[in-house]
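There are 2 protein chains.
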Amino acid sequence: MLTPAEAEKLVLENIPLWPKEDCPISRAHGRVLRESVLADRDLPPFDRVTLDGYALRASSLAAGVRKFQVEFVQAAGVRPGVMNPAADACIEIMTGAVLPAGADCVVPYEETARDGAEMTIAPGTGFAPGHAVHRRGSDHRAGDLIVPAGTRITGREIAVAAACGRAVLTVSRAPRIAVVATGDELVEVDAVVAPHQIRRSNDYALRAALAGAGFFYAERFHLRDMRQEIEHMLWHIIAEFDVVLLTGGVSKGKFDFLPAELDRQGVRKILQGVAQRPGKPFWFGLSQRQTPVFALPGNPVSAYTCLHRYVLPALGQASGLAPAPPRPVALAVPVTFKPKLACLLPVKLSSGPRAELLAAPAPGNTSGDFSGLVGTDGFVELPPGPAEFPAGTLAPFWKWV
Amino acid sequence: MLTPAEAEKLVLENIPLWPKEDCPISRAHGRVLRESVLADRDLPPFDRVTLDGYALRASSLAAGVRKFQVEFVQAAGVRPGVMNPAADACIEIMTGAVLPAGADCVVPYEETARDGAEMTIAPGTGFAPGHAVHRRGSDHRAGDLIVPAGTRITGREIAVAAACGRAVLTVSRAPRIAVVATGDELVEVDAVVAPHQIRRSNDYALRAALAGAGFFYAERFHLRDMRQEIEHMLWHIIAEFDVVLLTGGVSKGKFDFLPAELDRQGVRKILQGVAQRPGKPFWFGLSQRQTPVFALPGNPVSAYTCLHRYVLPALGQASGLAPAPPRPVALAVPVTFKPKLACLLPVKLSSGPRAELLAAPAPGNTSGDFSGLVGTDGFVELPPGPAEFPAGTLAPFWKWV
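Note that the protein sequences, when read in sequence, are chains P and S. Start counting the first sequence at 384; every next residue gets the next number (our numbering). Start counting the second sequence at 384; every next residue gets the next number (our numbering).
A portion of the hints provided could be inaccurate.
In this list, chains with the same sequence are indistinguishable; a pair is considered to hold if it fits within one copy or across any two.
Cross-link-like lysine to aspartate or glutamate pairs, in silico, EDC-like; alpha carbons within 20 angstroms at most [unchecked claim]:
hint : residue 1 : residue 2
1    : LYS652    : ASP471
2    : LYS723    : GLU493
3    : LYS721    : GLU494
4    : LYS782    : ASP760
5    : LYS723    : ASP425
6    : LYS663    : GLU764
7    : LYS723    : GLU494
8    : LYS782    : ASP567
9    : LYS721    : GLU493
10   : LYS731    : GLU494
11   : LYS663    : GLU493
These are computed hints drawn from the structure, not numbers from a lab.
Whenever a hint applies, use it, and build me the whole structure from the sequences.
See the structure below:
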C-alpha cells in the first residue's frame, strides 16, 4: 500500500493546472497570482518627505545658519517648487510631498520655532542630508520584480499592485467544486432524525474548509445508496464541476459499487488506499476530461484529514501556488502508536521556552468524531508503528484551515 | 507617551461588543459564535459500526466457534435487526450501521471467508468485545458542551453544529467598516499618475486584510485635503458605519485639522501617539454613538502594522472572540535598534532544528514601502531601544492575516 508521501506525489503528478482569468484587485484577496508584478516606475517615484516640518540644506545647518526664511508651503500631491539658492532659505513641507529641488533634508516641526516668516532651529541641532527623505528608487527601480507569480494574494500584494497601477491582475480561475456526501444513514440537519440516522455534517465541514482555503465555489450534494441515483447524478456532477469530492462509499462494503460506477463513467483510478490512520481508504482518479475525483472516507475525521493532507495541496498546485512544505513541530508528550500505518494525529499547538512549537494530541477522543477536533490546530504525521515516539520527536504539521 | 501594551489596553477597554444575529451554518464560516453548542443527543447516537464486515459475539470466537451463519445484511441508515441468540449467528454489516442487539463486535471482511450463507474465520483470530464499534455516547453525552461561545467558526464547528441539528447559529453581527484614505497626493489606481502623485494602495491593503480576518463589509473612501469635503463626508461616514478607519492626516502637519474636525463632530479622543516605530501617530477615539474611530498613519507599513497590532484584536473582541495572546518567536539574527521606541519589525519565519520559530527581519527595505512586506509573515515587537537584541531573543509575533 502507498505511503502518504507516495500518495501525495501521485496526486500532485496528476492534477491539472487551471486556466487563468483577469480579476480586479478589489476582489483579488485570496486568489493565486499567475503573473509577476513589476514596478512600473521607481519606488518611491520621487524623493518623498516622511514627516511634517521644513525642507532646507543640511550644509546651511552645518555652516551654523540657525534662522531661516520660509519661502512657501509645499503640500503633498502638488508639483514641487524650487527653493531659493540663499543659504537661509527653507520651505514648510508636509508628509508625502516631493522634496523641492535645492533642499536635501527635512527638519521636523518639533525641532523648530516659528515667528511669522522666520523659522529658528536651536544651536547644536544638526541633520544629515537625506534626513526624513525617502529617496526616489530606494526601494525598487522601475522594472524590478516585486511579487512573483505563484503568490497567494493578500493585502500586501494588492497594495503593491495598486501602487504599480495594476487595477486588474491575472489569477487562477476559481474552480467549481462538488462536495458529495453518500449514504442512506444521512439526513439533513433540520430534518427529524431517527435513532439509527445521523445528520449530514461532512459536506458542511469540507465546504467550509474549502472556503477557508480560498475555494468559495463549492456545492453540496447527497447521493443515497441507490445505483440509479448514483449513476445519474454522478454523470452530471463529473460533467459540470472542476473538482469532485466524494465522501463515504469508499470503504470495502460499498466500494465494489461506487468505484465500479466511476469506472463505467470513465474515471480512471490513480490510487486507492494509503497506509495511514485515519484515512486508509482514500481514493483518487481522473475523469476523461481530467477532472480530479477525490473519494474520501465517510468517517468525518478521516475525510477532514485527507482533505488537508491531499486535496488542499492539490488544489493549491492546480491554482499555480508555489509549494510550501509543512512546518515541523515537536511532540509535547510521548505518543504510542501500534498499527503498521502512518499516524495522522490531531494536535493542539503551544509554545515551548525557546519558541518551539509543541504539539499535544487531542485529549481522549480518538474515535473519528468531529467534536474531538474542536480545539485542535491541525495534525502531525508520524511514521508507521508499532513505535513509541518520545516527547520532542519532530514531525511535519498540517494546519487546519 | 503610551507603550503599545498600554495603547492596546485602552483600545480594548473602550471597544463595544457588537449585537448578535442568526446565521445559517452554510454561511457561518469565519463568523464568531455567540452561544455555546451542546450535544442534542449522545455522540455517537448509537453503537456505530466503523468498518464493513460481520457483527457477532466476541464470546463465541473466544469459545472456538469458527463457522457462522449469516442471518441478514444490516445496512447503514436503517433500524437495526435483532441477532439470533445462537452462538454461531452473525450479521453482515456496513460502516455506519447500528450494531444489532446481541452482537458486540465486528470482524472485518479481510479476516473472513464466505460461502453462501456461511462465513468462516481462520483459527487463532480473536476480537475483543467492542472491536470496530464506536460506542453510543463515548464521545459526548446529550447536553455536553462541545463548542464554547467565543469560537471563530471553521469547518469543524460547522460540522459539530450540523451533527447536533443546529441549522442556524447565533453569531456576531458583521460590522460595516469604512476605510478612509486621506490626502491630495493620492490618485486612483487606474488614473494617470503625475510624478508627484502616488496611487491609492493603503485602503486596498486594509480592506483586503480585513477580509482576511473575516470582516467582509468594508467600503473604501477618499477624502481630499479640503475642509468642507472632510466635514461633510466624515459626518456621513461616522453616522453610517460601525467602524471607521482613517489613514493619513494624523501626522503633525495636518493633524490640527482632521482631529479638530473629529472633535467638532463629537468623536472623543481616547489616545493619540504610541511610543513605537512604525506607527507612532496612531490615534483612537469613540463617536457619540460609541462608533470606534481609528486614525492610522498614512505610511503604508505603519498603517498595516497598526491594523494588526490594535484594530484586528479590537474587532475580534468586539465580535466576542476569545482573546488569543501572540505566539513567541526567537530572533534568527541580532537586531540593533536605537530609538527610544518599541520596535515593530516585519519578519519572515523559519523553523529551527528543535522546531523553534525563528524570525528574520525583512532584508534591506525598512522604508515603509509595502514592497518590503511582500514575503514577510508578520512582525515582532521588541522593547524600546537603544538596544542590541542578540539572536535567540524571544519576542511576541503578530501574523499578517
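Here's how the hints hold up against the structure:
1. LYS652 with ASP471: neither (81 angstroms within a copy, 39 angstroms between copies)
2. LYS723 with GLU493: between (71 angstroms within a copy, 16 angstroms between copies)
3. LYS721 with GLU494: between (71 angstroms within a copy, 19 angstroms between copies)
4. LYS782 with ASP760: both (6 angstroms within a copy, 16 angstroms between copies)
5. LYS723 with ASP425: neither (59 angstroms within a copy, 32 angstroms between copies)
6. LYS663 with GLU764: Result: close within a single copy only, 14 angstroms intra versus 44 angstroms inter.
7. LYS723 with GLU494: between (72 angstroms within a copy, 17 angstroms between copies)
8. LYS782 with ASP567: For LYS782 and ASP567, the Cα distance exceeds 20 angstroms both inside one copy (32 angstroms) and across copies (44 angstroms).
9. LYS721 with GLU493: Between copies, since 19 angstroms is at most 20 angstroms while 70 angstroms is not.
10. LYS731 with GLU494: Intra 52 angstroms, inter 36 angstroms, cutoff 20 angstroms: neither.
11. LYS663 with GLU493: between (68 angstroms within a copy, 14 angstroms between copies)
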